[in-house]
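K.L.:
Once you have looked at the hints, place chains B and C on chain A.
Protein chains in written order, with my numbering: chain A, 63 to 408; chain B, 591 to 690; chain C, 4 to 181.
One or more hints might be untrue.
Dumping the calculated DSBU-like pairs for lysine-lysine here, alpha-carbon to alpha-carbon at most 35 Å [to be verified]:
(1) A/Lys124 with C/Lys131
(2) C/Lys131 with A/Lys75
(3) A/Lys138 with A/Lys124
In case anyone wonders, no lab produced these hints; they're calculated from the structure.
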Amino acid sequence: MSLSVFILVSVIKIVIALGVLLTAVAYTVWLERKVVGHIQNRWGPTRVGPFGLLQPLADGVKFIFKEDLLPPHVYKPLYIAAPMIALIFALTSISLIPVGNWITVFGIHTPLEIVDVNIGLLIVLGITSLGVYGVALAGWSSNSKYSLLGGLRASAQMVSYEISLGLSLVGVLIMAGSFSLRDIVDAQSGTFWGFIPRWNIFQGQFVAFFIYLMAAYAETNRIPFDLPEAETELVAGYHTEYSAMKFAMFFMAEYANMITVACLATLLFLGGWHGPHRFGPPIVQAILPVFWFAAKIFAFLFLYIWVRGTLPRFRYDQLMAFGWKFLLPLAIANLVITALIVALRS
Amino acid sequence: MVPLSYYLVLSGILFACGVTGFLIKRNIITIFMSIELMLNGVNLSFVAFAAQWHALSGQVFVFFVMVVAAAEATVGLAIIIAVYRTRETLNVDRVNLLKL
Amino acid sequence: MLHLFVFSMFGLVCVAGAVNLLVQRHPINSALSLVVVMGSLAVEYLLLGAEFVAAVQVIVYAGAIMVLFVFVIMLLNAGVEDRSRGSRVAMLFGIPGMLIGSVLVAWVLLERSGTGNVAVGALPGPPKVIGWLLFHDFLLPFEVTSVLVLIAILGAVVLASHPASAREASSQPDKREG
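In isolation and in its complexed conformation, chain A is listed as follows (with noise of 0.2 Å):
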């Protein structure tokens, strides 16, 4: 493929991947308000548009209609700089996620993710390690002490369990044996006895992914760990001096992250695109993949939600000892055992 044909196709992909995220995290948001309404016993948007469907776009238009304060106490680079870090990073991981396998369109073989990387898992951590930056630096420009304590207390949470969160896929790489995203998932096709499908999960590491499912809720600052940004905690963290379109960003980045971590738990942990048998004629079979796979992450982010609105909230102490006392040596266990079992079966 030449020079000029690859990036031609590279950016028709990443504008198709953009497109679709974003409608994501906007719909997320959606399915977030639905599911958290129904479990407290109320129906959640319904006004705008059939089941409340045309809410996020509601939501999105009164964000760009709101006056876009610029307090004169902020440090301004930084204040302004600060929710572009945090979306650019949120939204960058996107491109090194598979969606299914090769396909063949108008005689160009292309996978079905942008860029296909030997060390992609490696990538996705660094850039969830780069999106700390966005946090503390919107907590400290905003020059006040709710938002400097809520940066502060954030990014200490997500630089902690960002470690627990990388120890427990090294499990994973230990069985697969590679870093590439699409080697993971290729390495969990077929199943066991005719029926079980030859899952991670499955194969031992469901240790490593109830790690992974704590680590990815403290990552991404949800309950049960959002105090950091709780409202009744120190007012809303760091982004408490923050309103209309950088509020948004700040929105739309905690869902595209809480989107991305979906994404890598289905590639690691639930066998990617693989479903029950391929049916169908050729067309039908390249695009069922894809629909595995966001059967996979509705499903992940279904329970994402489904535990937002029933756990309370731990303390900032109880939350740090969790990581460092239980999960971390969690994951160092799990990583020992797998790695001796690997070795002594090889």
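P.N.:
Below, chains B and C without anything else, positioned relative to chain A:
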């Protein structure tokens, strides 16, 4: 095809900027950051030579440099916090007497 | 051709970030320009084929060590640094001296060194090979650095802890609530 000397010149420029920052800056945290810049310049030249001679031990050495830089940054910043608590200043020109 | 273009673009970003670190007066701006330098250095490592080193540079250096720097700057909240007599003297002699020194070194490297060209992705750098090296040939340094990191953690915790609480804890050893 980029000549190896280009990579070495870039590494040298980064190192020179680090040394300049170390000498002219008065805020102790910025001095520390200049040290990190010097270490980064050195890392680049390690990896460039490893690519030239196809010797992977250059890359492995970069890991050790990074680990040592991390340990040094940790302890150094803890010392800075302790100094700030007693002296109330981060300017190195004011921390020049043993007695407070 | 594309290799040279990408190299020079990110090399310029590196140098611009390094110069910005020197020029800025508030340490938070210097910290953020250092993050930019580390990011573009990661791209340079990718050009050389050292993909694992590039990823580790982003995760460890830019994503953890610099976050630590940013935390400390935010906590201590020191503000813009002021010029003093010592720093003016250093600037007067140091900057021209550094410029002359680096121009000399660059001239020697470009003209006289006998090294050749480096192709894109010249290093065979899959993580598997690096892991093999780390755990076979370089096992002793690896274990020693892990002890070093443990010592650094202990030292940092002791140095940064509040002296008041340490004194309190040692002078009232058995205070049970009544």
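K.L.:
Do the alpha carbons of A/Lys138 and A/Lys124 lie within 35 Å of each other, as the hint requires?
P.N.:
holds, 24 Å
K.L.:
Check the hint pairing A/Lys124 with C/Lys131 against an upper bound of 35 Å on the C-alpha distance.
P.N.:
Violated, because 51 Å separates the two Cα atoms, which is more than 35 Å.
K.L.:
Need the status of pair C/Lys131, A/Lys75: alpha-carbon distance at most 35 Å?
P.N.:
holds, 31 Å
Checked against the numbered hints listed earlier, the structure breaks hint 1 alone; every other hint is satisfied.
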